[in-house]
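Protein chains in written order, with my numbering: chain A, 1 to 118; chain B, 119 to 212.
There may be inaccurate statements among the hints.
[Claimed, not checked] Ranges of calculated distance between the beta carbons of each label pair, as one might list FRET restraints:
| id | chain 1 | residue 1 | chain 2 | residue 2 | range |
| --- | --- | --- | --- | --- | --- |
| 1 | A | 105 | B | 130 | 19 to 29 Å |
| 2 | A | 86 | B | 131 | 25 to 35 Å |
| 3 | B | 207 | A | 63 | 30 to 40 Å |
| 4 | A | 90 | B | 178 | 32 to 42 Å |
Source of the hints: derived by calculation from the structure; they are not laboratory data.
Beta carbons: idealized from backbone N, C-alpha and C, even for Gly.
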Amino acid sequence: MSILFYIGALLIVIGALCDFFGALGLLRFPNFYVRLHAATVGIIGGAAVPLFGVALLALGADFLPHRYAIAGASFITGIIVLLASPAGSHALAYAAHRAKLVEWEPKVDHLGEVRKSD
Amino acid sequence: MSLESQFFLLMKFVIPVYLLAFIIYAVRAFKGPTIADIILAVDCLSFDVAAFMAILAVYFKSVYLVSGAMILALWGYLLDIYIAKHLVSKEVGA
Numbered sequence: 001m002s003i004l005f006y007i008g009a010l011l012i013v014i015g016a017l018c019d020f021f022g023a024l025g026l027l028r029f030p031n032f033y034v035r036l037h038a039a040t041v042g043i044i045g046g047a048a049v050p051l052f053g054v055a056l057l058a059l060g061a062d063f064l065p066h067r068y069a070i071a072g073a074s075f076i077t078g079i080i081v082l083l084a085s086p087a088g089s090h091a092l093a094y095a096a097h098r099a100k101l102v103e104w105e106p107k108v109d110h111l112g113e114v115r116k117s118d
Numbered sequence: 119m120s121l122e123s124q125f126f127l128l129m130k131f132v133i134p135v136y137l138l139a140f141i142i143y144a145v146r147a148f149k150g151p152t153i154a155d156i157i158l159a160v161d162c163l164s165f166d167v168a169a170f171m172a173i174l175a176v177y178f179k180s181v182y183l184v185s186g187a188m189i190l191a192l193w194g195y196l197l198d199i200y201i202a203k204h205l206v207s208k209e210v211g212a
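Using the sequences provided together with the hints, build the complete structure.
Listed below in structure tokens is the structure:
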């Protein structure tokens, strides 16, 4: 059973590194639409991957009381993050474009062209 | 070396990385130029605190922390949707 423990530990380490680089990108990138990319690295790589890692690690850990409850709940939380975060980011990007909050220099603006031709 | 001491050795390296990432997200949330930047940073912060609470549930051997993580993930999604609705139509509505 300890192979599950080591796979989970590897996923937690990958998640911590992705979280750190996503945070660094969110601080350093120039405008909102570029920062969305770093936020995806920080959420999917930094929250969903370590949640699945905690699920596998808790299944393989013999020292943990209630390990099946912790594993199941963190697996469900990982699926919630995997489904909810892209929908929320997409809604936020659409709202920022619609309310003209961000100043930027677009090369291609397909949404603006479609709205102009309607 | 037992599995428990290996886990605590791993946590000595993982927890400082997470705390550093939380601090950097908080800097962007405080100084973000537009509302969308602030909401995006708070969103990342809430999802990452959810993952960190699942790790702390194994660290402290407590099952109650994971239910809080699930609620926190759902709350981050609600924050996104309500702010986007308010920015598009200037009202929250139903």
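Hints not upheld, ascending by number: 1, 3
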